[in-house]
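Starting from the known structure of chain L, fit chain W onto it as the hints suggest.
2 protein chains.
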Amino acid sequence: MNAGAGVGGAPVGAGGGEQPSAAFDGAATAAAVRAAQRRFGATRWEIRAAVLRRLADLLAAREPALLAANRRDVEAARTSGLAPALLDRLLLSPGKLATLRAGAGQLAAADDPLGTVLRRTRLDDGLELSRVTCPLGVLLVIFESRPDAVIQIGTLALATGNGLLLKGGSEAAHSNRALAACLRDALAAEGQPVEVVTLVEGRAAVAALLAEDGSIDVVIPRGSGELVRGIQAATRIPVLGHAEGVCHLYLDAAAEPAMAAKLAVDGKCDYPAACNATETLLVHRDFLPHLPAVAKQLVDHGVTLRADAEARAALAAAGIEAQPAAADDFGREWGDLTLAVATVADLEAAVDHVHRHGSAHTEAIVTADPRAAERFLAAVDAASVFVNASTRFADGYRYGLGAEVGISTGRLHARGPVGAEGLLTSRWLLRGSGQAAAEYGSGKRPFLHQRLE
Amino acid sequence: MNAGAGVGGAPVGAGGGEQPSAAFDGAATAAAVRAAQRRFGATRWEIRAAVLRRLADLLAAREPALLAANRRDVEAARTSGLAPALLDRLLLSPGKLATLRAGAGQLAAADDPLGTVLRRTRLDDGLELSRVTCPLGVLLVIFESRPDAVIQIGTLALATGNGLLLKGGSEAAHSNRALAACLRDALAAEGQPVEVVTLVEGRAAVAALLAEDGSIDVVIPRGSGELVRGIQAATRIPVLGHAEGVCHLYLDAAAEPAMAAKLAVDGKCDYPAACNATETLLVHRDFLPHLPAVAKQLVDHGVTLRADAEARAALAAAGIEAQPAAADDFGREWGDLTLAVATVADLEAAVDHVHRHGSAHTEAIVTADPRAAERFLAAVDAASVFVNASTRFADGYRYGLGAEVGISTGRLHARGPVGAEGLLTSRWLLRGSGQAAAEYGSGKRPFLHQRLE
Chain L
1 MNAGAGVGGA PVGAGGGEQP SAAFDGAATA AAVRAAQRRF GATRWEIRAA VLRRLADLLA
61 AREPALLAAN RRDVEAARTS GLAPALLDRL LLSPGKLATL RAGAGQLAAA DDPLGTVLRR
121 TRLDDGLELS RVTCPLGVLL VIFESRPDAV IQIGTLALAT GNGLLLKGGS EAAHSNRALA
181 ACLRDALAAE GQPVEVVTLV EGRAAVAALL AEDGSIDVVI PRGSGELVRG IQAATRIPVL
241 GHAEGVCHLY LDAAAEPAMA AKLAVDGKCD YPAACNATET LLVHRDFLPH LPAVAKQLVD
301 HGVTLRADAE ARAALAAAGI EAQPAAADDF GREWGDLTLA VATVADLEAA VDHVHRHGSA
361 HTEAIVTADP RAAERFLAAV DAASVFVNAS TRFADGYRYG LGAEVGISTG RLHARGPVGA
421 EGLLTSRWLL RGSGQAAAEY GSGKRPFLHQ RLE
Chain W
1 MNAGAGVGGA PVGAGGGEQP SAAFDGAATA AAVRAAQRRF GATRWEIRAA VLRRLADLLA
61 AREPALLAAN RRDVEAARTS GLAPALLDRL LLSPGKLATL RAGAGQLAAA DDPLGTVLRR
121 TRLDDGLELS RVTCPLGVLL VIFESRPDAV IQIGTLALAT GNGLLLKGGS EAAHSNRALA
181 ACLRDALAAE GQPVEVVTLV EGRAAVAALL AEDGSIDVVI PRGSGELVRG IQAATRIPVL
241 GHAEGVCHLY LDAAAEPAMA AKLAVDGKCD YPAACNATET LLVHRDFLPH LPAVAKQLVD
301 HGVTLRADAE ARAALAAAGI EAQPAAADDF GREWGDLTLA VATVADLEAA VDHVHRHGSA
361 HTEAIVTADP RAAERFLAAV DAASVFVNAS TRFADGYRYG LGAEVGISTG RLHARGPVGA
421 EGLLTSRWLL RGSGQAAAEY GSGKRPFLHQ RLE
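Chains L and W supply the protein sequences, listed in that same order. Taking this note's numbering, the leading residue of the first sequence gets 1, the next gets one more, and so forth. Taking this note's numbering, the leading residue of the second sequence gets 1, the next gets one more, and so forth.
Hint data in this document are derived by calculation from the structure and do not stem from the laboratory. Nothing here was measured: the structure is a model prediction, and the numbers come from that model. Mixed in with the good hints there might be a few duds.
To be verified - Straight-line C-alpha distance at most 30 Å; calculated DSSO-like pairs for lysine-lysine:
| no. | chain 1 | residue 1 | chain 2 | residue 2 |
| --- | --- | --- | --- | --- |
| 1 | W | LYS296 | L | LYS444 |
| 2 | W | LYS444 | L | LYS296 |
| 3 | L | LYS296 | L | LYS262 |
| 4 | L | LYS444 | W | LYS262 |
| 5 | W | LYS296 | W | LYS262 |
| 6 | W | LYS96 | L | LYS444 |
| 7 | L | LYS96 | W | LYS444 |
| 8 | W | LYS444 | L | LYS262 |
Stated by the list, open to error - Covered by chain W, per the in silico footprint, the following chain L stretches (three or more residues, Cβ under 8 Å):
| no. | stretch |
| --- | --- |
| 9 | 262 to 271 |
| 10 | 381 to 391 |
| 11 | 414 to 420 |
| 12 | 425 to 437 |
| 13 | 440 to 449 |
A virtual CB, placed ideally from N, CA and C, is assigned to each residue, including glycine.
Here chain L stands alone, though its shape is the one from the complex (with noise of 0.2 Å):
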């Protein structure tokens, strides 16, 4: 049994294959997709396991196969001068794939994440309401270079009887075609529509699918903030995700002067490619004394640092030199060592600092004093605000939500690090017994509106 990638719609042999697509029809994929999601998000928690099972049977039956589709892939890009890095992340090791088929074995053993009750109203004898998890429908996921978010979004999509079109970098075409065709595999073997899972390629397949606003629910686009802003402003469906990671750390009038220096080494350099490292430095003015020690230690971890008139002063006045900040630095999503410092005059200054450069991500304090902590939790408006702690903690996976489907910086429905639970949305079910709404209401009959367990 072989259901094939269904690269460009039409399913494909599961070797890969590099015939170009046919003409792709963006309506008729999704629409596709979105019939079988819904045949395959009605059914019992046991076929959505057994899938899973099926699943890490056939990564554990197919490695040979799955390496040496990657090795092409890994070849490619070396041949071509694919950065190091980026190298690294499109390299698929036994090690990896254990960690996948681990995955979706854990996501078979747990709870049915689908049916839970979250409420229960009887409105009247015999006039029960609840409502009820159930999966958010078709997700259209956007990704580059790493060939195991196919199977790792796509374990999360299947438990959560989702529909998933899945969109990865051309660098990784046969990487993920044979990863891709495991996960329809795994539906055929179990007699569902291998639809739910469908993998394109090609911009064009892309853009024509971002006008399914009718089949597609959501697009969860993995990558550079220009590939999201880029798809932010080509679809009508909503986005879930972040464009940038502009997270501050403010060192207030009261911080511990070698905490402040350890969190914001960590904060710019564990990782300073990443969404979460620490873009800007916030200094309360009564802190000033005390940057220069945590300035060396930038230094010496090779920071680079852009700092307003003020701190470069007090660093000055140290023997430390800074570049002078422009003005547009604050609001700087680096991406390298580079730090921007900023003095603030109080607390009050940081928040407002915060909510004019920041981009509603992650923003941290560092103070001894607690009124000012919970002042800061309180005030600042952005998806995760931390007091004496690296930003650098904002993640699905230290968060302890298991798999992360990505952060999102947007207010609605999901807010932060977003994990399974962000593939779910709700119903409302009433059960009656021959109930019209007209016998209800003042005058007449009332309702009930009691609230069980």
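Relative to the frame of chain L, chain W by itself:
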């Protein structure tokens, strides 16, 4: 103290005044609401509750002025020949004002909706994560006719710490200004920025605001499908609501005929213009012998039937005439006493019909067969799915949600009838003691990920 209604982004006298708005600056207006909301949204519950109590007092103290302002609108509308149903919606009565006062008082007496801990996890000793409810942000609510919506939505926004841009119908201009002034004066009386509630007037203002996706988080249109579609097409801001309510009532083979007739009559005739009215009757082929008895009651209530050939034949045999249904009669929101009738081969065909022609609002089955009931509940992809109850029950008040923000047919964030909960989102708060992310991970310190409470 009188902060005015803030028409056109600039405060005007509370008495209203008919001066045309000055050139409207959408960006500045939205940014002012965002800034005010951030301050107001971080206040303690005592302050927000006090604002609500002040509002109730103002509504009582200003009742003669509010009724006088409303009389001006009603008289102008009567002169211009507004339909009686719309006149009724436009009218503010002492009874309606008493209900609005009571609503504000009830919200003030309830618990703080903000800061509720949704999840708490110990990541490590001295590193605790919590997810807490917070305001959604800035809402743009566009409504027609009913001036009481200003206070209904205003009280919900104040309780939940949201900012509110309000655009009402021009026919209710005097009423809306007088009511919005009560909201702003209640804010001012507690030292809060009046810009939290800002009333705007004119289509140009709405068009300008729909471009402010940086400062406005959600648009809530309350009105016709045409209004909603126009707004959806004109903005990138998420729209919470529904353009259409195409609800089906499916009469299963095992439907009890008397119940079928009762629910069809209630669904179609109780309030035909409502979004939760029944628009199409789906009839299992085996139920056709009972269709004439159902149709007889519908016709007696003035309903015009538009039926497919099979249903027409069944009706004709019993001497009941039905118009032939055109293909596009299925999926139409009639808004009047017309009802489409389609024959289906079985439950699965009914579900397919619902998915093809419905608007994912509310779908109902009539059946005495528990297995058919559960299959329908599981298979139908809609915000509300009912067994043996009228589609008219889909409503926030009937669901026991208190005040209703609207009914959403979208899948993200809120689905179905939306109460105060739909005006909330969440933030992640992390309280640490100096932890760096680089200290954790494989081969380093493990996370505890201990769920608390």
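Hint-by-hint comparison with the structure:
Taken as a hint, the LYS296 of chain W and LYS444 of chain L pair is honoured in the structure, with Cα atoms around 26 Å apart against an allowance of 30 Å. As the CA atoms of LYS444 of chain W and LYS296 of chain L are separated by approximately 26 Å, the hinted pair is consistent with the 30 Å bound. Between the alpha carbons of LYS296 of chain L and LYS262 of chain L the distance comes to roughly 11 Å, so the proposed pair stays at or under 30 Å and holds. Between LYS444 of chain L and LYS262 of chain W, the direct Cα distance comes to roughly 17 Å. Compliance with the 30 Å bound is thereby established for this hinted pair.
Straight-line distance between C-alpha atoms of LYS296 of chain W and LYS262 of chain W comes to about 11 Å, which keeps the hinted pair within the 30 Å bound. Proximity of LYS96 of chain W to LYS444 of chain L is assessed by CA-CA distance (about 19 Å); at most 30 Å being required, the pair is judged to hold. Restraint check for LYS96 of chain L and LYS444 of chain W: the C-alpha separation of about 19 Å stays at or below 30 Å, so the hint holds. A threshold of 30 Å between alpha carbons decides the hint, and for LYS444 of chain W with LYS262 of chain L the separation of about 17 Å falls inside it, so the pair holds.
Chain W is given as covering the stretch 262 to 271 of chain L, and this holds because 5 residues of the stretch bring a CB closer than 8 Å to a CB of that chain, at least three being needed. Here's how the stretch 381 to 391 of chain L fares: 10 of its residues keep a CB closer than 8 Å to some CB of chain W, so the rule of at least three is met and the hint holds. Under the rule that three or more residues need a Cβ within less than 8 Å of chain W, the assignment of the stretch 414 to 420 of chain L holds, with 3 such residues. Given as covered by chain W, the stretch 425 to 437 of chain L passes the check, having 13 residues with a CB less than 8 Å from a CB of that chain where 3 are the minimum.
Look at the stretch 440 to 449 of chain L against chain W: 3 of its residues bring a Cβ nearer than 8 Å to a Cβ of that chain, three or more, so the hint holds.
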